[in-house]
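Protein chains in written order, with my numbering: chain A, 13 to 207; chain B, 2 to 378.
It is worth saying that the hints were derived from the structure and are not from the lab.
A portion of the hints provided could be inaccurate.
[To be verified] Computed footprint of chain A on chain B; a stretch qualifies when at least three of its residues, placed anywhere within it, have a C-beta under 8 Å from a C-beta of chain A:
(1) 37-43
(2) 66-73
(3) 152-162
(4) 230-236
(5) 282-291
(6) 346-354
All residues carry an ideal CB built from backbone N, CA and C; glycine is no exception.
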Amino acid sequence: MTGAGTAHLAAHLLLWAGVGCFLVSAAALPFLPGGLARLHALAPAGGLGTPLIACAVALEQGAGRAAGKTLLIGLLLAAGSTVTTIAVAKATADEDRHQDQEHPPGMDDALTLTSLLLVVAAATLAVLCREPVRQAVALAALGLALTLLFLVLQAPDVALSQLAVGTALTPLLILLTARKVRRPPARPGEREDRP
Amino acid sequence: MKARARGALLGAAGTVLAAFFTAACLDLPAFGTDHHPYGDRAVAAALAHRTANTVSAVNFDLRALDTLGEQSILFVTVLGSTLLLRLARDEHREPPRTERALPTTRLFGAVLLPVALVTGVYVVAHGQLTPGGGFQGGVVLATALHLAYLAADYRVLERVRPLAALDTADALAALSFTALGLAALAAGGAFLENVLPLGTFNTITSGGTVPLLNLAVGIEVGSGLIVLLAHFLDQAVEITRPGDGRPRRPPARPRPSGGTALMGALPFLAAGWVLLTALYGLVTSRDLIHAVGCLAVAQTSTYLMLLGVGYRRGATAPVFGDLPPGSRPVVDPVVQALTLTDIVVGATVTALLLALTIQLRKRHGTVDPQALTALRG
Numbered sequence: 013m014t015g016a017g018t019a020h021l022a023a024h025l026l027l028w029a030g031v032g033c034f035l036v037s038a039a040a041l042p043f044l045p046g047g048l049a050r051l052h053a054l055a056p057a058g059g060l061g062t063p064l065i066a067c068a069v070a071l072e073q074g075a076g077r078a079a080g081k082t083l084l085i086g087l088l089l090a091a092g093s094t095v096t097t098i099a100v101a102k103a104t105a106d107e108d109r110h111q112d113q114e115h116p117p118g119m120d121d122a123l124t125l126t127s128l129l130l131v132v133a134a135a136t137l138a139v140l141c142r143e144p145v146r147q148a149v150a151l152a153a154l155g156l157a158l159t160l161l162f163l164v165l166q167a168p169d170v171a172l173s174q175l176a177v178g179t180a181l182t183p184l185l186i187l188l189t190a191r192k193v194r195r196p197p198a199r200p201g202e203r204e205d206r207p
Numbered sequence: 002m003k004a005r006a007r008g009a010l011l012g013a014a015g016t017v018l019a020a021f022f023t024a025a026c027l028d029l030p031a032f033g034t035d036h037h038p039y040g041d042r043a044v045a046a047a048l049a050h051r052t053a054n055t056v057s058a059v060n061f062d063l064r065a066l067d068t069l070g071e072q073s074i075l076f077v078t079v080l081g082s083t084l085l086l087r088l089a090r091d092e093h094r095e096p097p098r099t100e101r102a103l104p105t106t107r108l109f110g111a112v113l114l115p116v117a118l119v120t121g122v123y124v125v126a127h128g129q130l131t132p133g134g135g136f137q138g139g140v141v142l143a144t145a146l147h148l149a150y151l152a153a154d155y156r157v158l159e160r161v162r163p164l165a166a167l168d169t170a171d172a173l174a175a176l177s178f179t180a181l182g183l184a185a186l187a188a189g190g191a192f193l194e195n196v197l198p199l200g201t202f203n204t205i206t207s208g209g210t211v212p213l214l215n216l217a218v219g220i221e222v223g224s225g226l227i228v229l230l231a232h233f234l235d236q237a238v239e240i241t242r243p244g245d246g247r248p249r250r251p252p253a254r255p256r257p258s259g260g261t262a263l264m265g266a267l268p269f270l271a272a273g274w275v276l277l278t279a280l281y282g283l284v285t286s287r288d289l290i291h292a293v294g295c296l297a298v299a300q301t302s303t304y305l306m307l308l309g310v311g312y313r314r315g316a317t318a319p320v321f322g323d324l325p326p327g328s329r330p331v332v333d334p335v336v337q338a339l340t341l342t343d344i345v346v347g348a349t350v351t352a353l354l355l356a357l358t359i360q361l362r363k364r365h366g367t368v369d370p371q372a373l374t375a376l377r378g
């Protein structure tokens, strides 16, 4: 058997192994009880299945930059999936432990402080951007930062309102006005445009 | 006034304002305090009227009269912008060109448009149960419709946007808010009193007049904003000639750094910083559009103040859709209702000022406040 044939066969094996991980995980999902146990199904799919499939694709591509890129993507996906699994597990465990147990106040303060700093930075940026189009973008960022802060301050109604108005409506109005105003005024004689 | 003199005046006034503001903030109840007399009474009153979202209860039941005022502001703004942005005698309308959107954009818009519209309707309809309501849902509906412009072109947007019908809907919704208030009078209660049967707690028909007033506001905000955006879009898309402006580079400025303070007063001091920065921008602005943006930034400082005052450490949102009443402390819904209307009124003021800016540009050919002052002679 030639080298290329062996590589092709190995790629197929890796591909099927990866897809197998996903299929087994998917099949196991309905049988596992509770959120934490179901995560055992999620972990092999993301952590093992994705890198296996990435290896298979890289093997098919042959040595080179493309294969390197594929392996890197596979690695990133596997890492991301692991991080997500851990985060979901932590949240599920917290939920299971007790719903209304007091969580450490330091956590809240850190979140409030971070979003507050984001708001202050975005507001300063929005003022210092003298060009209306850039200012519209900065205002949209300010809207997002405020939405985050309002969520942290337990005001979902206000956050929703701010998201719609602050990140969509106000920047849109400013952009439209800037577009209208930026046009040079029609000078008589420059171009005939009256009927 | 010369730029230098103006800067000196701003510096002096800003220093005095900052000093008094800081002193006042340090005397406020600390951020996250447990003492919220208004909030506690508002939550009790909302639960007595079987409204799970206490913020909606404050807006459409306890403070319904204030909301009547706010929705009138919105109505008048739409009216004012319509007058300001009407077709001038020397302008003419160019039919918009057909534009080609990328197939992916088209697909994205086609998939997202129904989802966004359903989300908007859901947010309006469940205003008395879950976070949301007429104001938020209306804005979602109005902006969602403009996905048609992104996904296709302006002519498609014009077809899906029956402006005459929306104008009427806007007026009728504004009228029905007042009519509901008068109906309460006729039923023997006070103006805008919640006289309808209250229903079962945490169902879509609960809350008496709250869902009805909420729906009226939802229709008014939705149709009003579509009409408002239509006038701005007409100005930007149709009533012009193609041409290009000269982009200016914003001057690079060093960013000053903020001081440190106690966590208890920090959100208030942040609000003060935002206000002062925005005032600086307003005073030094050479472009009215930028000035309007700075005014929007200044307005955000009021949101920070209000929500900072209403926050209670360790408390949760004042919505009892998934939360048995009394099981956990909640933050103050009164200030949240105030902030909510603050945001919507702020947006309408921005719209009106931008419409005025467009008028000024048409009349005088400039948006530089100093040049406009010079024009006056």
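Contradicted hints - numbers only:
Structure breaks hints 1, 2, 3.
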